[in-house]
Structure formats: C-alpha cells, structure tokens
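With these hints in hand, go ahead and build the complete structure from the sequences.
Residue numbers (my numbering): 1 to 224.
Hints listed in this document are in silico derivations from the structure and should not be mistaken for laboratory results. It is possible that some hints are incorrect.
Okay, derived cross-link-like pairs now, DSSO-like style, lysine-lysine, Cα gap no bigger than 30 Å in a straight line [as the list claims (entries may be wrong)]:
| no. | residue 1 | residue 2 |
| --- | --- | --- |
| 1 | K143 | K17 |
| 2 | K218 | K6 |
| 3 | K4 | K158 |
| 4 | K158 | K17 |
| 5 | K181 | K4 |
| 6 | K8 | K218 |
| 7 | K143 | K6 |
| 8 | K211 | K158 |
| 9 | K211 | K17 |
| 10 | K143 | K218 |
| 11 | K211 | K8 |
| 12 | K143 | K158 |
| 13 | K211 | K143 |
| 14 | K158 | K218 |
| 15 | K143 | K4 |
| 16 | K218 | K4 |
| 17 | K4 | K17 |
| 18 | K211 | K6 |
| 19 | K158 | K6 |
| 20 | K17 | K218 |
| 21 | K158 | K8 |
| 22 | K6 | K17 |
| 23 | K143 | K8 |
FRET-style restraints, in silico, Cβ to Cβ [as the list claims (entries may be wrong)]:
| no. | residue 1 | residue 2 | range |
| --- | --- | --- | --- |
| 24 | D149 | G32 | 35 to 41 Å |
| 25 | K218 | V25 | 33 to 39 Å |
| 26 | I18 | V205 | 23 to 29 Å |
| 27 | L28 | L201 | 24 to 30 Å |
| 28 | K8 | N182 | 38 to 44 Å |
Virtual Cβ for every residue (Gly too), placed ideally from N, Cα, C.
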Amino acid sequence: MENKIKRKINTCGRVAKILTMIVIVCLLVAEGFLLAGGVIAAVVPKDSVTVETDSRTEILVDTKFFGVEEEKLYINVGGGKLYIADFDNDGFAIGNEKNGAQRSVNMQVRQYDMNTALWWIICEAAALAAVIVALYFFRALMKQFMVCDTPFSDSVVKKMRAFAIALIPCMVAYHAASAAKNYVLGNDGSPGLILSVVFVLAIFVLTMIFKYGAELQKEHDDTV
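Structure, rendered in structure tokens:
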C-alpha cells in the first residue's frame with residue numbers, strides 16, 4: 001500500500017514537472033516575441049502608427065425601480081433612495097424614453113502611439129518574466145515530488161518553502177507591471193492582488209503542514 005501511494009506521488013510529480021516545463025517553454029517563446037516587438041517599437045518613429053479610440057454608451061433604466069438624479073443612479077427602496085452608481089464621465093446627456101429614463105455617455109477619447117506600445121510591451125514582458133520565475137520554483141518542487149520516498153521529508157519542505165518565498169517578489173513584480181500597464185493604457189482594471197495574497201498565504205500554510213508531517217515522520221522512523 002505504501003509503495004502504491006509512493007508511485008502515485010512520484011507519477012504526479014513527474015507529470016506536473018513535464019507540464020510545467022511545457023508552459024515555461026511557451027511563455028519563454030512569448031517573452032521572445034515581446035522583446036522582439038519591443039525592439040521594433042523602440043526603433044520605429046513614435047508617430048508612425050497612431051490609434052484613437054472613442055465610444056458611446058446608451059443606458060436605459062426603468063423608472064419604476066431605478067432613477068437618475070444629479071448624474072447618480074439610485075434604486076427605490078421603500079420611501080427612500082439607495083445610490084448605487086455614478087455617471088462621472090464627460091458628455092453626460094439626458095434623454096426621455098417611453099419606458100424610462102435614458103442616459104447617453106460619451107467616453108473619454110484616448111490616443112495611442114508607438115511609445116504607448118513600447119511601454120505596454122515592457123510592462124507585459126516584466127509581468128511574464130515574474131510568472132516564469134515562479135514556475136521555475138514550482139518545477140523544482142514537482143521534481144522533488146517525482147523522486148521523493150515520502151512527501152513529508154525535509155527536501156520537499158525546503159523546495160516548498162523556497163517556492164512560497166519566491167512567490168512574494170514574483171507576485172509583487174507581476175502586479176506592479178500589470179498596474180503600470182493599466183496606467184499606460186488608461187484602464188481601471190484590477191490585477192486581482194487580494195486573490196494572489198490568499199494564494200501565497202495558502203502555500204505558506206501548506207508548507208507548515210508538510211513541515212509538521214516531516215517532523216512526525218522523523219519521530220516515527222526514530223521509533224522504528
């Protein structure tokens with residue numbers, strides 16, 4: 001029974017190691033394309049390519065349930081109003097519709113050139129590099145699972161701890177690069193920092209569990 005479980009752990013480690021290496025190779029190829037694109041964007045004149053974006057959004061709300069007052073959307077709750085959104089864009093216009101109140105919003109015009117593309121490539125390459133580094137540490141952990149006699153060993157715990165510690169600067173670099181990219185492009189997207197923090201904390205907790213298991217394994221071996 002023990003040998004069967006050991007073989008399953010080794011097999012899972014081997015498969016995960018191979019899959020991780022495939023992902024790393026794909027990301028390295030993507031990194032190469034990004035770097036090549038960065039060189040092109042740096043050499044080509046700034047105004048050789050320009051992009052201008054503009055959009056218009058039509059919002060129709062049913063006045064039986066919702067209302068708009070001073071560029072704020074609210075919902076009717078009993079005899080009061082619960083404000084749930086702000087329309088703070090330029091070009092806010094008011095129109096009348098049969099079934100409700102209509103709001104037309106002209107979104108901000110944005111212009112992009114080769115300098116924007118260059119900064120986007122730099123941020124994207126930095127974020128991708130952080131992911132690749134984290135995957136190398138994960139590959140080392142899977143390699144240890146591939147050859148270990150038991151997952152509750154000092155060698156596995158060391159690799160897991162190294163992976164957990166490496167995740168901290170890697171995730172910081174990734175989210176910093178993602179935030180910089182959103183700033184360059186004028187986006188408001190969130191890189192999901194909270195989820196990453198939870199993931200890193202979960203890895204540290206698993207490391208502590210495996211360390212405790214390794215200590216119990218040592219006590220058992222000494223007793224035997």
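Here is what the structure says about each hint:
no., hint, verdict
1, K143 x K17, "6 Å, holds"
2, K218 x K6, "17 Å, holds"
3, K4 x K158, "24 Å, holds"
4, K158 x K17, "17 Å, holds"
5, K181 x K4, "48 Å, violated"
6, K8 x K218, "22 Å, holds"
7, K143 x K6, "14 Å, holds"
8, K211 x K158, "9 Å, holds"
9, K211 x K17, "22 Å, holds"
10, K143 x K218, "22 Å, holds"
11, K211 x K8, "21 Å, holds"
12, K143 x K158, "12 Å, holds"
13, K211 x K143, "18 Å, holds"
14, K158 x K218, "15 Å, holds"
15, K143 x K4, "19 Å, holds"
16, K218 x K4, "21 Å, holds"
17, K4 x K17, "20 Å, holds"
18, K211 x K6, "18 Å, holds"
19, K158 x K6, "19 Å, holds"
20, K17 x K218, "27 Å, holds"
21, K158 x K8, "21 Å, holds"
22, K6 x K17, "16 Å, holds"
23, K143 x K8, "14 Å, holds"
24, D149 x G32: 35 to 41 Å, "39 Å, holds"
25, K218 x V25: 33 to 39 Å, "38 Å, holds"
26, I18 x V205: 23 to 29 Å, "27 Å, holds"
27, L28 x L201: 24 to 30 Å, "29 Å, holds"
28, K8 x N182: 38 to 44 Å, "43 Å, holds"
Hint compliance for this structure: hint 5 alone is broken.
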